[in-house]
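Enquirer: Chain by chain, the residues:
2 protein chains.
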Amino acid sequence: MSKETYYIGEQSLTFPEDVYLISSASVVGKKEGEGPLGNAFDMICDDDKFGEDTWEMAESTLQKEALTLAMGKADLKADDVRYLFAGDLLGQNIATSFGLMDYEIPLFGLYGACSTAGESLSLASMCIGAGYAKTVAALTSSHFASAEKQFRFPLEYANQRPVSATWTVTGSGAFLLSGKKGKVRITGITTGKIVDMGIKDSMNMGAAMAPAAADLIAQNLEDFNRTPSDYDKIVTGDLGYVGQEILINLLKKKKIDISGMHEDCGILIYDKEKQGTGSGGSGCGCSAVTLSAHYLPQLEEGSLKRILFVPTGALLSTVSFNEGQSVPGIAHGVVLEYAG
Amino acid sequence: MSKETYYIGEQSLTFPEDVYLISSASVVGKKEGEGPLGNAFDMICDDDKFGEDTWEMAESTLQKEALTLAMGKADLKADDVRYLFAGDLLGQNIATSFGLMDYEIPLFGLYGACSTAGESLSLASMCIGAGYAKTVAALTSSHFASAEKQFRFPLEYANQRPVSATWTVTGSGAFLLSGKKGKVRITGITTGKIVDMGIKDSMNMGAAMAPAAADLIAQNLEDFNRTPSDYDKIVTGDLGYVGQEILINLLKKKKIDISGMHEDCGILIYDKEKQGTGSGGSGCGCSAVTLSAHYLPQLEEGSLKRILFVPTGALLSTVSFNEGQSVPGIAHGVVLEYAG
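As they're listed, the protein sequences go chains A and B.
According to numbering that gives the first Met the number 0, the first sequence is numbered sequentially starting from 0.
According to numbering that gives the first Met the number 0, the second sequence is numbered sequentially starting from 0.
Incorrect hints may appear among the rest.
Where chains are identical, the list cannot tell them apart; a pair therefore holds if satisfied intra-copy or between any two copies.
What the hints assert, rightly or not - Below, simulated BS3-like cross-link-like pairs (lysine-lysine); rule was C-alpha separation at most 30 Å, straight line:
hint, residue 1, residue 2
1, 251, 29
2, 76, 253
3, 148, 232
4, 199, 148
5, 199, 252
6, 48, 253
7, 133, 179
8, 179, 273
9, 232, 72
10, 273, 76
11, 304, 271
12, 273, 48
13, 252, 29
14, 179, 252
15, 271, 252
Everything labelled a hint here was simulated from the structure, so no lab data went into it.
Because the structure is a prediction, the values reported are computed rather than measured.
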């Protein structure tokens, strides 16, 4: 394969060498364990503090447990993992820093808001595809309580939430990638640009992120010269019900109909009626644990042949929000295929 | 070259294809312009708000200007740059998000505290070395006022600072990397692990980061089978006077003497006596603008043949600090060589 064929179209890459997703793990909190995917997660903890004193350290523990489980499933040790590509939602990535330092693995810290699951898988794939390592890990986390404290109000305020608001998933998903043959292959990625439609409502992040997802999906189809039906599923990270509707309509205007194969991790992870979770789940952990627990098993057994996984992120902080800035979105796409 | 030779030793990579640093630019604030490197910077702005309403938007403008200048010097447009690898110190990387969105270039958002200049150059090098793009950009920024607001106190408090404290540099450095021959080549990288020595003083970040720098430098020498004198300079990012002394002593214990060729961007950028900057400069922008304005010209003309550039980061947030956590450090090393 000549070098020129690695990058295709405007924003996509295919990989010169095979990139396999050889192991993954999902660790979630109590509420996620009570949701529709409850039986699929590797570990559910009834104590959302995971035995720690603070919400932030609880989130660090989520990452630690997810990585340990993913390595254990692949019979690998920390020494076997050459790089970590990891991030979370908290200012200065503290869940990641304090969660992963004990492993003593070289770390690339990432921030892509809730799109970080896609960003970390993209960079990890690029690393394996280039032959820079035998095995690397991609992982992300979010925690309902640390995110509320960071972005909104302390839980003790018990503030009300509009129905457009999403519920941050308490969870961490870890993925091991390798050049060694596995059951699921990452065949390409499409890397997102920031898209700003001027949305200023931080309680409606689905609307802020949907345009970025629409752009990314349209670009992926163009770059790979595919139609939506070339994918068994097109899976967004955490648009929720509000964002899903906007996404499907935005793509219809571009004559792209994904209504038949679109799913959203934020919609799948909670039971809207019974769990009071508004528009759906969100956070770096939402798409990561849903990919690990729900989609990967179907890709491994071949009941899904090819999916486009598109975690979406809303790029805001309390500072930018309070200063009247908009909430730009970004999305990162990863193509996963059954490898037989 | 066989694939197995790309990764060497425990933490390092060499590149299968040549990676060149073809252009760079530095934009700084008034104080940096008055310092010892003042004449070397591409742009100095007397107004530290850079015409914006907020410190955060001022920092965004720094990144925007630095990237525009770096592209202009190379006679390239945004369309020619396939990926941005970028980050800053602010929670949720808002300086980067709001600074770079207008370019509409696929973005990998990064967080490595003040080590992000090294992290971004590392990932950009990996991308070019693998043939994933013709041209990519790596850029970082920091701003004294946005950092003080984020990490310490609003400027209006006029609080006192211990002499061990560093002064966050207002500046942004942008770098363009390409496979096309240029005067400076990136020949390898060494990627850092988190090192936590239990330091809890956020006003003494040099001490928190020095152990990570020492580990990284020792590992680089081992991985590449070099001695310190194989480098004309070993350049850390922002250890300052306090951190420099600790670094040199830590390495002496490992029988490595870098006292003859060690320099620190944080020490170079300000005049300690005249500018009242305590232990020295710090921030993502400190090492980036010093590399661009001070070291690259010497590498381009061949008066420096090979340097090891080691930006260092202190991984803390106000939340982790207030919860009593330590300040772990990380460092990322980049080997730059005169390419004739």
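Enquirer: Compare the structure with each hint and give your call.
Expert: Each hint tested on the structure:
1. Within a single copy, residue 251 and residue 29 get their C-alpha atoms no closer than 38 Å, and across copies no closer than 51 Å, so neither meets the 30 Å cut-off.
2. Proximity of residue 76 to residue 253 under the C-alpha cut-off of 30 Å is restricted to the inter-copy arrangement: shortest distance 27 Å between copies versus 47 Å within a copy.
3. For a Cα distance limit of 30 Å, the shortest separation of residue 148 from residue 232 qualifies neither inside one copy, at 34 Å, nor across copies, at 44 Å.
4. In this assembly of identical chains, residue 199 and residue 148 lie within 30 Å of each other by CA distance both inside one copy and across copies; the values are 20 Å within and 23 Å between.
5. Proximity of residue 199 to residue 252 under the C-alpha cut-off of 30 Å is restricted to the intra-copy arrangement: shortest distance 23 Å within a copy versus 55 Å between copies.
6. Taking the shortest alpha-carbon separations for residue 48 and residue 253, neither the intra-copy value of 45 Å nor the inter-copy value of 41 Å comes in at or below 30 Å.
7. In this homomeric assembly, residue 133 and residue 179 come within 30 Å of each other (Cα to Cα) both inside a single copy, at 8 Å, and across copies, at 28 Å.
8. Proximity of residue 179 to residue 273 under the C-alpha cut-off of 30 Å is found in neither arrangement, the shortest distances being 43 Å within a copy and 58 Å between copies.
9. Only within a single protomer do residue 232 and residue 72 lie at most 30 Å apart by alpha-carbon distance; the minimum there is 26 Å, versus 44 Å between protomers.
10. Neither within a single protomer nor between protomers do residue 273 and residue 76 lie at most 30 Å apart by alpha-carbon distance, with minima of 40 Å and 52 Å respectively.
11. Proximity of residue 304 to residue 271 under the C-alpha cut-off of 30 Å is restricted to the intra-copy arrangement: shortest distance 29 Å within a copy versus 62 Å between copies.
12. Taking identical chains as interchangeable, the C-alpha atoms of residue 273 and residue 48 lie at most 30 Å apart only when both belong to the same chain, with a minimum of 23 Å there against 50 Å between chains.
13. Proximity of residue 252 and residue 29 under a CA criterion of 30 Å is satisfied in neither setting, with 40 Å inside one chain copy and 49 Å between copies.
14. Taking the shortest Cα distances, residue 179 and residue 252 never come within 30 Å of each other, neither inside one copy (42 Å) nor across copies (40 Å).
15. Only within a single protomer do residue 271 and residue 252 lie at most 30 Å apart by alpha-carbon distance; the minimum there is 28 Å, versus 60 Å between protomers.
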